[in-house]
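Enquirer: Put the two chains together into one complex; each comes in its own frame, and the hints tell you how they fit.
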Amino acid sequence: MNMLTRGLATGMMALFAASGAMAEAADDNLVINGEIEIVTRTEAPAHLSDTMDEIMSGWLFRGEETRAMEADDFDNPGMIFVEQGEEAWNTAEGSEGKSCADCHGASSEMAGVRPVYPKYVEAAGEVRTLEMQVNDCRENRMGAEKWDYTGGEMVNMVALLSSVSRGLPVNVAIDGPAQSTWEKGKEIYYTRFGQLELSCANCHEDNYGNMIRADHLSQGQINGFPTYRLKNNKLNAVQSRFKGCVRDTRAETFKPGSPEFVALELYVGSRGNGLSVEGPSVRN
Amino acid sequence: MKISVMALVASVGMAASAVAAEIAPTAVTYTDGAVEQSLTGVAGNPEEGAKIIGSKKLGNCVACHQVTALADVPWQGGIGPVLDGAGDRWSEAELRGIVANAKMMFEGTMMPAFYKDTGFIRPGKAFTGEAADDTLGPLLSAQQVEDVVAYLATLKD
Numbered sequence: 709m710n711m712l713t714r715g716l717a718t719g720m721m722a723l724f725a726a727s728g729a730m731a732e733a734a735d736d737n738l739v740i741n742g743e744i745e746i747v748t749r750t751e752a753p754a755h756l757s758d759t760m761d762e763i764m765s766g767w768l769f770r771g772e773e774t775r776a777m778e779a780d781d782f783d784n785p786g787m788i789f790v791e792q793g794e795e796a797w798n799t800a801e802g803s804e805g806k807s808c809a810d811c812h813g814a815s816s817e818m819a820g821v822r823p824v825y826p827k828y829v830e831a832a833g834e835v836r837t838l839e840m841q842v843n844d845c846r847e848n849r850m851g852a853e854k855w856d857y858t859g860g861e862m863v864n865m866v867a868l869l870s871s872v873s874r875g876l877p878v879n880v881a882i883d884g885p886a887q888s889t890w891e892k893g894k895e896i897y898y899t900r901f902g903q904l905e906l907s908c909a910n911c912h913e914d915n916y917g918n919m920i921r922a923d924h925l926s927q928g929q930i931n932g933f934p935t936y937r938l939k940n941n942k943l944n945a946v947q948s949r950f951k952g953c954v955r956d957t958r959a960e961t962f963k964p965g966s967p968e969f970v971a972l973e974l975y976v977g978s979r980g981n982g983l984s985v986e987g988p989s990v991r992n
Numbered sequence: 013m014k015i016s017v018m019a020l021v022a023s024v025g026m027a028a029s030a031v032a033a034e035i036a037p038t039a040v041t042y043t044d045g046a047v048e049q050s051l052t053g054v055a056g057n058p059e060e061g062a063k064i065i066g067s068k069k070l071g072n073c074v075a076c077h078q079v080t081a082l083a084d085v086p087w088q089g090g091i092g093p094v095l096d097g098a099g100d101r102w103s104e105a106e107l108r109g110i111v112a113n114a115k116m117m118f119e120g121t122m123m124p125a126f127y128k129d130t131g132f133i134r135p136g137k138a139f140t141g142e143a144a145d146d147t148l149g150p151l152l153s154a155q156q157v158e159d160v161v162a163y164l165a166t167l168k169d
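Which chain is which? The protein sequence lines are A and B, in order. Residue 992 is where the first sequence ends in my numbering, and the numbering goes up by one at each step. Residue 169 is where the second sequence ends in my numbering, and the numbering goes up by one at each step.
Next comes chain B alone, as it looks inside the complex (with noise of 0.2 Å):
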């Protein structure tokens, strides 16, 4: 009994920490446009990260990128590098620096930053052409940055 009661605090514990871990959009540490430290502690899902990647109403990443992989998902654009080989090309901390907001790894790059919720010129509420109100987030939550990363990482030459 003593056992599992300890065992119940220490899951609430972990939960509780788990949750104090996400790193709030304006507390990302860049280093050289890396993000070493992960955004939330839980692992990204890779499979949630193919869709986020694909999805119009997500991260939209095909209108500007081409992903062999996701060859299901049409009309995917020709803006940025074609990503293929990206997990090759960049370590886990690079991609999540370029996914958080590109422009710390490429300066003035057109690609938007996923991971920000501030310094914005006329920010609107989402594509109404109306001004932003408080419920202005992120582009993407911070675990769906992770997830993002994590199938990036699984794009290998």
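Chain A extracted, bound-state conformation (with noise of 0.2 Å):
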């Protein structure tokens, strides 16, 4: 038994419709150099369909000045990095003495694998984010040392995976193999963690468009991760934002690459299926 009823009775309702600080999204199209269309704003897929009808992508939610940076590759700062990832991507390295480019060619030929990640990969029998992917390349094919799962010279691939893809619809597959992984990922999202009991629903899904002290909350999607984020001055991986957000409820987090993140990362993506991939994007 509580009181909401009272509260209702004693007019709550016009209270919350009267509560402020409520900033809309923005009413803007994202094109990119002039030429890359962005989908920022489209149908929720239908595993959403009973919480919301539209998704969006942060980029609404940001100030006009951050989101023209974006809209030209000479204002984002975030393509610095993507010039660094490409010359990395052409680097020989490891006891192989192979590069990226020695096995998959140029790196425009890889459009299309970011808006695929997370990804059931048969070989592997698990669940993969790009970053183990890349990893896997570097131990097993060319013989060369893991990366830091969040650390400069990953972020900057991943990057330049994205960059080659922008444009095309993120389209994470949810069922068969993926499925298990996916229900957990979910089970995640929902939980309210820490000593502030906030789930990610309570901030992205149930109050994006609300101001929480001076952030305007966006749906926490991550078409457009990296992210580069004028606040700290550099590329920003996804699961570093997943810490970062959990750290913020008061919780013990999980650590970038842990099993947990890998599954709120495919959840997370499959909420945004249907948006462009925008990384590296900018960010406040």
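Some hints could be false.
[Stated by the list, open to error] DSSO-like, lysine-lysine: derived pairs with alpha carbons at most 30 Å apart:
| no. | chain 1 | residue 1 | chain 2 | residue 2 |
| --- | --- | --- | --- | --- |
| 1 | B | Lys69 | A | Lys939 |
| 2 | B | Lys128 | A | Lys951 |
| 3 | B | Lys137 | A | Lys894 |
[Stated by the list, open to error] Output of the computed footprint for chain B on chain A, the stretches with three or more beta carbons under 8 Å from beta carbons of chain B:
| no. | stretch |
| --- | --- |
| 4 | 893–905 |
| 5 | 920–930 |
[Unchecked claim] Okay, the calculated beta carbon distance ranges per label pair:
| no. | chain 1 | residue 1 | chain 2 | residue 2 | range |
| --- | --- | --- | --- | --- | --- |
| 6 | B | Ala81 | A | Lys854 | 51 to 57 Å |
| 7 | A | Tyr898 | B | Asp129 | 22 to 28 Å |
| 8 | B | Gly149 | A | Asp810 | 53 to 59 Å |
Think of the hints as simulated: they come from the structure by calculation, not from any bench. We treat Cβ as the ideally placed atom computed from N, Cα and C, and that holds for glycine.
Expert: This is the structure we're talking about:
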């Protein structure tokens, strides 16, 4: 028994409606370099039909200047790191003396890879992120050392792989062998962690569009990763962001690359099915 | 002389019983979401309460709520209702219950429980991302809750 009914009777609904600090998502379109059309809002995927009608990129929740930076590669600070990723792509390393390009060709050949990750990789018998695949190539095909999961080299490489897929729709598979991992990620998404007892859904499903202190809450989509954040002036890996958000609930976080975060990335990725890949994006 | 010794004994006795009267987070009694009994037996200080509500390091209530009377506190959020008039809408006991553990009043609410120290999933050590240790206490002390309640009670339309 609680007093919600009484609250309603005393006119709380009116208060809810009147409560301010609600900033609309921008009514804006993103075309990068005047040529790559980015879908920043579209119909929610079927698995979300009970919760929301429309999915929106975090780009729509940022200010005009930040949005403009992403519309032109010369203004997007993240593109410098894409160039560094391109250099690494073409550099032979490890005991096999091979570069990524030796096996895969030009980086542009990788268009279409980013949008389907994380995915179940048959040969590995597990759901893998792009980072896991990159490290698998480094260790097992190049004989090189693994990169730090969210370290600079890895983020640069993921930025390169995202950039060549910009404009393609996110299309993460949630059924078949990926399903159990997806379910696990979904459970994590709705779990109220930490001393503040907040789930991802509390902020990004129930309250996107609202201000939480100085922050304009988005849907927490990951189609824009890696993101160049003006706050810390660097490219940020998706699982670094997960870690930051979990930490902010006064919780013990999971580690980047952990099975929990891999499952969460698959689930959150699937909530963006239909949005365009837009990494490296610009956020604040 | 005898009188002043008696007075001393009496005041020591009172201080001891005030401490003893502090109710532990797990011992708070909720009735329909409200908490009748003061958590400390010491009246709350509304000025302290206002500070706690506006401070990022303390209650940070304005992360989610707006309070017109605290207009000098920047960046007030829009997740919960505007708190103007809360002192008209709710009794002191109800306000105490809402601040101590809003989930007892509003089932499933997003509002954190400020006087609770157990029953969390993966509690952390403040905002470090590390696991909590045995220093984990409630977000606000019993007296801070009383201070916040005293301030909320002043918010009349």
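Enquirer: If a hint holds in the structure, say so; if it doesn't, say that too.
Expert: These are the hints, each one checked on the structure:
Distance restraint check for lysine 69(B) and lysine 939(A): the Cα-Cα separation of roughly 20 Å lies within the 30 Å cut-off, and the hinted pair is therefore satisfied. Under the criterion of a C-alpha separation no larger than 30 Å, the hint pairing lysine 128(B) with lysine 951(A) is consistent with the structure, at around 24 Å. For the given pair, lysine 137(B) sits about 25 Å from lysine 894(A) by alpha-carbon distance, which is consistent with the 30 Å threshold. With 7 residues having a beta carbon nearer than 8 Å to a beta carbon of chain B, the stretch 893–905 of chain A meets the requirement of three or more and the stated coverage holds.
For a cut-off of 8 Å, the count of residues in the stretch 920–930 of chain A with a CB near a CB of chain B stands at 3, and the three-residue condition holds. One distance hint, 51 to 57 Å for the beta-carbon pair alanine 81(B) and lysine 854(A), holds here, with the actual separation near 56 Å. Hint check: tyrosine 898(A) to aspartate 129(B), Cβ distance near 24 Å, so the stated range 22 to 28 Å holds. Here the CB-CB span from glycine 149(B) to aspartate 810(A) is close to 57 Å, well matched to the stated 53 to 59 Å.
Consistency with the previously given hints is maintained throughout, with no hint failing.
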